[in-house]
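Start from the sequences and build out the full structure, keeping to the hints where you can.
Quick note: the sequence shown, position 108, residue 108 per the UniProt record's numbering, numbers continuous.
Any given hint could be a false lead.
[As the list claims (entries may be wrong)] Per label pair, the in silico range of CB-to-CB distance:
hint, residue 1, residue 2, range
1, M27, F100, 20 to 28 Å
2, E28, M142, 54 to 62 Å
3, A135, R20, 54 to 62 Å
4, P52, S12, 58 to 66 Å
Hints were generated in silico from the structure; no laboratory data involved. Don't be surprised by glycine CBs; every beta carbon is placed ideally from N, CA and C.
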Amino acid sequence: KGHAAKAAKAPSKHECLLCRDVGFEEMETVFRKSVNVIDSLKDLSTILRNLPVVEPTVPTLVLVGAPNVGKSSLVRMLSSGVPDVQNYPFTTRGIVLGHFFVDGERHVVTDTPGLLHRNDEDRNSMERLTLASVAHLPTCVMYVMDLTGLCGTSAE
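Rendered as structure tokens:
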């Protein structure tokens, strides 16, 4: 702003352009010093945009179960959610939300990473995310099992 004011009061075109150029150089210096911060903010905004948005007032169903039992397939079939579905365990690495309607009321179904039968201290970050979604969100929990035994974990 200061250089723009000086340029406006400059007695000649040459001095006006000189003020403009000095102002641009100062802006470029500030930008170059801040470029890492700006890049970090851009990266952070991308991460935040990809986070699921939990709405505590909307009825929410959380699907929980062992890896590869069909939780993602159910979310894909029953809702607007489009989780990755593969025939190997731990495909789901984060929370995936889908929406569906019952009698005109919107509901949310949540796909979660699979849980293995083990002590809490042995759980990986994906399993801890699943447990956190059950413990800290106002949800209804549905335990999903593969009764065919083809998922690699037993129903017992």
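Evaluation of the provided hints:
1. M27 <-> F100: 20 to 28 Å: Given range 20 to 28 Å: violated, Cβ gap about 51 Å.
2. E28 <-> M142: 54 to 62 Å: With Cβ atoms ~57 Å apart, the hint holds.
3. A135 <-> R20: 54 to 62 Å: holds, 59 Å
4. P52 <-> S12: 58 to 66 Å: With Cβ atoms ~60 Å apart, the hint holds.
Comparing the model with each earlier hint shows a violation of hint 1 alone; every other hint is respected.
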